[in-house]
Amino acid sequence: SQKIEQNSEALNIQEGKTATLTCNYTNYSPAYLQWYRQDPGRGPVFLLLIRENEKEKRKERLKVTFDTTLKQSLFHITASQPADSATYLCALDGGSQGNLIFGKGTKLSVKP
Amino acid sequence: GAVVSQHPSRVICKSGTSVKIECRSLDFQATTMFWYRQFPKQSLMLMATSNEGSKATYEQGVEKDKFLINHASLTLSTLTVTSAHPEDSSFYICSASRVSWDIQYFGAGTRLSVL
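Here the protein sequences come in this chain order: G and P. Okay, so the first sequence: first residue is 25 according to the numbering used here, each after it adds one. Okay, so the second sequence: first residue is 5 according to the numbering used here, each after it adds one.
SDA-like cross-link-like pairs, simulated, lysine to any residue; straight-line CA separation at most 20 Å:
#1 G:K128 <-> P:E63
#2 G:K131 <-> P:A112
#3 G:K131 <-> P:F95
#4 G:K128 <-> P:R41
#5 G:K131 <-> P:S47
#6 G:K128 <-> P:P44
#7 P:K45 <-> G:E33
#8 P:K45 <-> G:N48
#9 P:K45 <-> G:S109
#10 P:K59 <-> G:Q121
These are computed hints drawn from the structure, not numbers from a lab.
Let's have the full structure, built from the sequences with the hints guiding it.
Okay, structure coming up:
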């Protein structure tokens, strides 16, 4: 079955630095991969979607890469701010009816 | 745009009672809605996928007689936890998409505590 791993449970960085989060997957070739932000006690908020034929996607200070050979996606937040502190979830298409398979998430803390 | 409202945000109930959770897409029509459950420090686990007007598709290990899902219109899906027990206590989250394979927009979640 598909397996998705977000390597770091937690990541602490200084304000202004670039945060890089990793998502690896096995036993699958997803058609697309998505990144979500989740704040405590709230539902996830969609950030970016990248398809298998795309190498990189950008949105403001966010950048996502998708390496189908390495079976890995990297999620970058440049010029990080304390307001970026949250849990970031990686999700793969589940192959059926558009459902998603989520990783456990990486809790990012940006210190001023 | 793409707002999903989930109600209630929190519910505390006695063991054996049933609880209904509503999920509404406020500004778009949702062909497909999804229901997830999330335990502390765990990932979202898909419980079921529902398409408007048809029966929900449940994931393996999810009891369809216990978790009743109704998707009667393009803007409303409900999840009813029947005869809830303490082990059903969790964070339940719905999401909606305009069409299958599209971006999912999530509700704020419902914290269920069964005493």
